[in-house]
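Trainee: Keeping the supplied structure of chain Y fixed, place chain D with the ligands upon it in accordance with the hints.
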Amino acid sequence: MNYKENRPKIIEFKNPEHIDDFPVGTTVPSGQLVKKNSGWRTFKPVINKDVCVNCLNCYIFCPDGVIYKSENKVDVDYDFCKGCGVCANECRVNAITMVKEGEE
Amino acid sequence: MKKFVSGDEAVAMGVRLARPHVISAYPITPQTIVVERLSEMVEDKSLKAEFLHVESEHSAMAAAMGVSSVGARAFTATSSQGLLYMSEVMHYVSGARFPIVMMNANRSIAVPWSIYGDQRDSLSQLDSGWIQVYVEDAQEALDMIIQAYKIAENKDVLTPMMVNLDGFVLTHTYELINLPNQEKVDEFLPPIDSIVKMDINDPKSLCFSTSPEHNMEFKYKQHVAMLNAKKVIEEVDKEYGDMFGRYYDGLIEEYKTTDAEVLLLTVGSITGTARVVIDKLRKNGQKVGLIKLRYLRPFPEEELQKISSKAKVLGVLEKDVSFGYEGTVFTNVSSALSKLENQPQIYNFLGGMGGRDISKEDIEDIILKLIDAHNGKKIDRVQFVNLKARV
Ligand code: SF4
Ligand code: SF4
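Just so you know, the protein sequences line up as chains Y and D, in that order. Okay, so the first sequence: first residue is 1 according to the working numbering, each after it adds one. Okay, so the second sequence: first residue is 1 according to the working numbering, each after it adds one.
Just chain Y, with the same shape it has in the complex (with noise of 0.2 Å):
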């Protein structure tokens, strides 16, 4: 099974617009989307498909989990990355550069 069909259904995120619609406390179904919080990224890490060799360490070390495998090795999910640098520090070949926002 490829790794796409292996993911959990997502229940599509509908924005509340009655204070009815807001769970009671912090309590929801699972597997709600919830909404991408990358806004505050000044940084944002590129990975160099050419010099990466696939070791997954990035993966491993995110601390939003946010990195994922693809076929073409590694992929981030900017909508959930805050650009704290951690893969780029534990890339051990330095396939991963830290990009200011908008210069790219």
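To be clear, the hints were calculated from the coordinates, so they are not data collected in a lab. Everything numeric in this text was worked out from a predicted model, so none of it was measured. A portion of the hints provided could be inaccurate.
Derived lysine-lysine pairs resembling DSBU-like cross-links, with alpha carbons at most 30 Å apart [said to hold, decoys possible]:
{"id": "1", "chain 1": "Y", "residue 1": "82", "chain 2": "D", "residue 2": "2"}
{"id": "2", "chain 1": "D", "residue 1": "204", "chain 2": "Y", "residue 2": "82"}
{"id": "3", "chain 1": "Y", "residue 1": "36", "chain 2": "D", "residue 2": "197"}
{"id": "4", "chain 1": "D", "residue 1": "221", "chain 2": "Y", "residue 2": "36"}
{"id": "5", "chain 1": "D", "residue 1": "221", "chain 2": "Y", "residue 2": "69"}
Mentor: Quick look at chain D with the ligands alone, frame taken from chain Y:
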């Protein structure tokens, strides 16, 4: 059944009657007897619960949160620095809307280090999102533990609740109490059925983050739930009274206030002493009355306004100070009364810090000062009671 017990023991008996699934606790004076008795009850199997002896108050509250997050009934107890140590987790609990019940033995905050009573610990946590009730005696302590679960677990409330007892004066004093019958308590307090819980058949995410786009709505809902608690508190008090014969007048109790021109407002066990003084002054023909403020959150604003609107002078006696301003209870009271068209003159008396006794004579002195103010004499708006040094 009648029992001769300390305030702490009354709390433990109330907890047993409420049938919690888990008690997580760390002992701290003067709360210790509560958790000692509960551990004995678990050991002798008169209480079917898990007892977790955790390594700190922070862990006690975190464990209680875990218990509540699977939909079980949790109890913990603390005091003073222990309450402050829990403070971080208390906000998680109230934000997540876990209906945990906690007993707090009111005790002074360091330094100077002190194990004796005042109310600076719990009053410093007024904004933690917990319902706060202050009791006058051991019987009320027991009754309020049972009521607390019913209030906290109400679907319109789902907010944790703290039952406050004055350290030593109440926690360690022996009194005769009426022990309610377990079957009747079971009838009054059904098993918990929380909607804010993990469920293997209906998986949920708990305690998530929100962006600024949604965060405030959660806080708004939390605020409304606390306001809803006012009505629920009144209803639960009425139902409890009907079943067990003891009513506590809901959020606020009045004593001889109907024709009173001068009122004294108290919180907690000091009320008992103040009643005696009011009786004495009444015999002398003085039109004085007493307000026992039972709940600090939710704050009984309308009720307080109604009781005070006919009085000319009101004094607040409290066992705390918000350094650089005035007493915390007074701030809340004067905010409520400032919304009245004809508000009484209000005065603040700060005393009893670090276990300093407040005697009948002190209270009589305070009320005589309030009568002086009523007669036009100028007195200080905020003053300390019974300072032993010249200032
Ligand atoms: S920058 Fe931080 S959050 Fe973004 S992918 Fe790298 S490790 Fe993960
Ligand atoms: S750590 Fe570097 S080499 Fe390893 S997978 Fe990540 S980007 Fe590629």
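Trainee: Does each hint fit the structure? Answer for all of them.
Mentor: Right, here's what the structure says about each hint:
1. 82/Y to 2/D: violated, 62 Å
2. 204/D to 82/Y: holds, 25 Å
3. 36/Y to 197/D: Measuring from Cα to Cα gives roughly 25 Å; hence the hint holds.
4. 221/D to 36/Y: The given pair, whose Cα atoms are some 23 Å apart, holds under the 30 Å limit.
5. 221/D to 69/Y: It is violated: about 40 Å lies between the C-alpha atoms, which goes past 30 Å.
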